[in-house]
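Heads up: the sequence lines are chains A and B, in that order. Take the first sequence: its letters are residues 1 to 116, numbered as in the numbering used here. Take the second sequence: its letters are residues 1001 to 1111, numbered as in the numbering used here.
For the record, the hints were derived by calculation from the structure and aren't laboratory data. Please note: incorrect hints may appear among the correct ones.
Claimed, not checked - Restricting the straight-line Cα-Cα distance to at most 25 Å, the calculated cross-link-like pairs of lysine to any residue (SDA-like) are: (1) B:Lys1002 / A:Leu46; (2) B:Lys1045 / A:Gly98; (3) B:Lys1098 / A:Ser73; (4) A:Lys14 / A:Phe39; (5) A:Lys42 / B:Asp1039; (6) B:Lys1098 / B:Val1013; (7) A:Lys42 / B:Gly1058; (8) B:Lys1098 / A:Ala72; (9) B:Lys1042 / B:Ala1067; (10) B:Lys1045 / B:Asn1055; (11) B:Lys1098 / B:Gln1063; (12) A:Lys41 / A:Ser73; (13) B:Lys1042 / A:Ser54; (14) A:Lys42 / B:Gly1016; (15) B:Lys1042 / A:Val3; (16) B:Lys1042 / A:Met45; (17) A:Lys20 / A:Leu116; (18) B:Lys1098 / A:Lys14; (19) A:Lys66 / A:Leu116; (20) A:Lys42 / B:Val1013; (21) A:Lys41 / B:Leu1074; (22) B:Lys1045 / A:Lys14; (23) B:Lys1042 / A:Pro40; (24) A:Lys42 / B:Tyr1070; (25) B:Lys1045 / A:Leu26.
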Amino acid sequence: GAVVSQHPSRVICKSGTSVKIECRSLDFQATTMFWYRQFPKKSLMLMATSNEGSKATYEQGVEKDKFLINHASLTLSTLTVTSAHPEDSSFYICSASGLVRTDTQYFGPGTRLTVL
Amino acid sequence: RKEVEQDPGPFNVPEGATVAFNCTYSNSASQSFFWYRQDCRKEPKLLMSVYSSGNEDGRFTAQLNRASQYISLLIRDSKLSDSATYLCVVNMNTGFQKLVFGTGTRLLVSP
Chain A
1 GAVVSQHPSR VICKSGTSVK IECRSLDFQA TTMFWYRQFP KKSLMLMATS
51 NEGSKATYEQ GVEKDKFLIN HASLTLSTLT VTSAHPEDSS FYICSASGLV
101 RTDTQYFGPG TRLTVL
Chain B
1001 RKEVEQDPGP FNVPEGATVA FNCTYSNSAS QSFFWYRQDC RKEPKLLMSV
1051 YSSGNEDGRF TAQLNRASQY ISLLIRDSKL SDSATYLCVV NMNTGFQKLV
1101 FGTGTRLLVS P
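So here's chain B without its partners, still in its complex pose (with noise of 0.2 Å):
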C-alpha cells in the first residue's frame, strides 16, 4: 500500500463548481497533514495545514479523518485559477520532519 495514496484524476469541473479530493495515508502515527499546490512545471506550494479536525480558508476547506485515515479538501465556487495539481502531503514524524508527497490530483476548470 502507497503511503500516501490520492486520485489523480483529473477532475473537470465548470467555474463555480464545487469539488472535494480524497486522500488517504498509510501510517496511523501521523500527526501532520498539508494539501499543496503546485502548477505545471513549478514548485509545489502550500496551500493549507490540517492539524487536528479540518481547517478552513475561504474557498477552501480540508478535514481529517483519523479513524479511517484520510484527509479531504473541498474547493467551492471552483476558480479558472483553482487548475492545478493537489498534493496531499503527510508527515511521517519518523523522529524528524519526514514528508510524504502523494501523486496528485489534476483539477482543471473550464468557463
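Okay, chain A solo, but in the shape it has when bound (with noise of 0.2 Å):
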C-alpha cells in the first residue's frame, strides 16, 4: 500500500515553456501533498506544502507564480513550473500523507526535468 506516482518521468523542454508534472496516490487518500526539488549532490529541499482544497504553503525563497501547485482531490496534485529556464532544471519529488499516518510521507519516483 501507499503508492505515489509521478508523471512525467523525465521531460525535456525549451526555455520558457511551462511544465506540468502529476502526483498521484493510487491507493489512500491525501489529506496532504509536498513538493521537493533535490540538486545534483545536494538534499531534497522542501517547496511547498499543499492541503486538499486549500492553497499551497510556499518556502521562504520559493516563488509562488512560478511553481503553481494545485492540489484539488484527495488523490492528485500537480505542479507547473511556468516560463522554465535552466536553472530550473532540477529532480522534482512529491510525497504525500494521509488520513491515517498523517506523520509519514510516501514518496513518488520523481520527475526530471531538463530545461535546454
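Mind assembling these two chains? They're in different frames, but the hints should get you there.
Here you go:
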C-alpha cells in the first residue's frame, strides 16, 4: 500500500515553456502533499506543502507565481513550472501523507526536468 | 548551523562489515526522526522511523539521543545491495508536518 506515482518521469523542454508534473496517490487519500526539489549531490529541499482544497504554503524563497501548485482532490496534486529556465532543471519529487499515518510521507518516483 | 547535519562520506566497507552513521539536528523540539535510503537518481524510501529510544529492524538499528540531539544508524553484516545514500530526516513539528532532510551519507559496500 501507500503508492505514489508521478508523471512524467522525465521531461525536456525549451526555455520559456511551462511544464506540468502530476502527483497521484494510488491507494490512499492524501490529505497533504508536498513538493520537493533536489539538485545534484544536494539534499531534498521542500518547496511547498498543499492541503486538498486549499492554497499551497510555499517555503521561503520559492516563487509561488513560478511554481503553481494545485491540489484539487485527495489523490491528485500538480506542480506547474511556468516559463521554465535552465536553472529550473532539477529532480522534482512529490510526497503524500494520508489520514491514517499523518506523520509518514510516501514519495513518488520523481520527475527529472531538463530545460534547454 | 544546519538544521540536519550528516557526514557525506563516502563510507567504503567490505561485505559483512558493520557500519554506523551519525546525524545531528538543531531543533531540540523535534519529535520524530527517520532514516531514508536513496539510490542514485531515485526517490527516497523510508528505511525506518525512530520515535523514542531507538528502533531495530533486522540488520538495521537506529538510536536516538535527545540530550545530544543526534540519531544514529547501524548496519550489521553489510550487503552489496546496501550501497546507497542514507538520509537523516527530522520532522520539525512547526505546527504541521515539515520534514527536513540531511544531505545524506553515501555508503559503498564492496565484495
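Hints, verified against the model:
no.	hint	result
1	B:Lys1002 / A:Leu46	holds, 15 Å
2	B:Lys1045 / A:Gly98	holds, 17 Å
3	B:Lys1098 / A:Ser73	holds, 21 Å
4	A:Lys14 / A:Phe39	holds, 19 Å
5	A:Lys42 / B:Asp1039	holds, 13 Å
6	B:Lys1098 / B:Val1013	violated, 33 Å
7	A:Lys42 / B:Gly1058	violated, 29 Å
8	B:Lys1098 / A:Ala72	holds, 21 Å
9	B:Lys1042 / B:Ala1067	violated, 34 Å
10	B:Lys1045 / B:Asn1055	holds, 17 Å
11	B:Lys1098 / B:Gln1063	holds, 21 Å
12	A:Lys41 / A:Ser73	violated, 33 Å
13	B:Lys1042 / A:Ser54	violated, 29 Å
14	A:Lys42 / B:Gly1016	violated, 29 Å
15	B:Lys1042 / A:Val3	holds, 15 Å
16	B:Lys1042 / A:Met45	holds, 15 Å
17	A:Lys20 / A:Leu116	holds, 16 Å
18	B:Lys1098 / A:Lys14	violated, 33 Å
19	A:Lys66 / A:Leu116	holds, 17 Å
20	A:Lys42 / B:Val1013	holds, 23 Å
21	A:Lys41 / B:Leu1074	holds, 23 Å
22	B:Lys1045 / A:Lys14	violated, 31 Å
23	B:Lys1042 / A:Pro40	holds, 12 Å
24	A:Lys42 / B:Tyr1070	holds, 21 Å
25	B:Lys1045 / A:Leu26	holds, 17 Å
Violated hints, listed in ascending order, are 6, 7, 9, 12, 13, 14, 18, 22; each of the other numbered hints is respected by the structure.
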